[in-house]
Amino acid sequence: MLKALAIATAFTFAAGGACAQAAKPTDPQIAHIAYTAGVIDVAAGKQALARSKDKAVRDFASEMVRDHTAVNDQALALVKKLGVTPQDNPTSQSLNKAAADKLTSLAKLDGKAFDKAYIDNEVAYHKTVNGALATVLIPNAQNAELKGLLETGLKLFKEHQAHAEHLAAARR
Amino acid sequence: MTVIPRWLGALAGAALLAVPAAPLAAPKTYQIAIQQMKFAPAPSGLKVGDTIEWVNDDIFLHSATARDKSFDVELRPKAHVRLVLARAGTVDFACRYHPGMTGRLVVGKQAR
Chain A
1 MLKALAIATA FTFAAGGACA QAAKPTDPQI AHIAYTAGVI DVAAGKQALA
51 RSKDKAVRDF ASEMVRDHTA VNDQALALVK KLGVTPQDNP TSQSLNKAAA
101 DKLTSLAKLD GKAFDKAYID NEVAYHKTVN GALATVLIPN AQNAELKGLL
151 ETGLKLFKEH QAHAEHLAAA RR
Chain B
1001 MTVIPRWLGA LAGAALLAVP AAPLAAPKTY QIAIQQMKFA PAPSGLKVGD
1051 TIEWVNDDIF LHSATARDKS FDVELRPKAH VRLVLARAGT VDFACRYHPG
1101 MTGRLVVGKQ AR
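Going down the list, the protein sequences come from chains A and B. Just so you know, we're using my numbering here: the first sequence kicks off at 1 and counts up by one. Just so you know, we're using my numbering here: the second sequence kicks off at 1001 and counts up by one.
Simulated from the structure, these hints should not be mistaken for lab results. Since the model is a prediction, treat every value here as computed from it, not as a measurement.
In silico DSBU-like links for lysine-lysine, alpha-carbon gap of 30 Å or less:
#, chain 1, residue 1, chain 2, residue 2
1, A, K147, B, K1038
2, B, K1069, A, K53
3, B, K1078, A, K158
4, A, K24, A, K147
5, A, K53, A, K108
6, A, K46, B, K1038
7, B, K1078, A, K155
8, A, K116, B, K1038
9, B, K1069, A, K158
10, B, K1038, A, K127
11, B, K1078, A, K147
12, B, K1078, A, K81
13, A, K81, B, K1038
One chain only, chain A, in its complex shape (with noise of 0.2 Å):
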């Protein structure tokens, strides 16, 4: 819960561009935003699979790991072609700086406690990305490739929200 907040606020920043016009975030900004956001679920199922034994909670963090890092190496090699050099900013950072305090508070957990924390968190974060995306970074993308490639994430995406919905209900 806290960490869907966290994730919240730090969209604030590109959601706060629908407002003021002169915020909306630039295409070098979505492009980090984007890949930021996957580089979080990679070390957080990185993290899950150093930690949890559960299969279905493995499965899911090898899932995790491997389409992020797909997305991301389609990423770069999209800003590689377009000769955009992703560019950090607020979100991006406010999305680290989350991501590494549940890293810390998800560490400290084991077993059962750590898989329910885990999944929940998945399923806060994937549903604050999906929003970010659909509201904010798809929105506002200039380039016809770039919001291409953050539509399939955004399927992608939708698809691991499911999954981990469906694999938070089953352990009710």
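Got chain A sorted already, so can you dock chain B onto it with the hints?
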């Protein structure tokens, strides 16, 4: 003199019986592509002996895995994998990695 075990004889007999009298219609090949985290709709009119060519157009690892375990096809990004339909019936399938990706094959008996 070679003695043919009884079970082998029975097997050979069964195999002979299984060969239909009329010539078979030529089997067909159909594609089912995965794009953007979705299986394309399965073609209608599938028959035993036909081939499904699974095509993964995504950049993600997928699978076409039958719920009844009758097939399990691993589909690496950009892979094309062929599967011969071995038996008639309705088979629901899903991606092992992305359970929300689902589809259904309806396979009729072999065409004559």
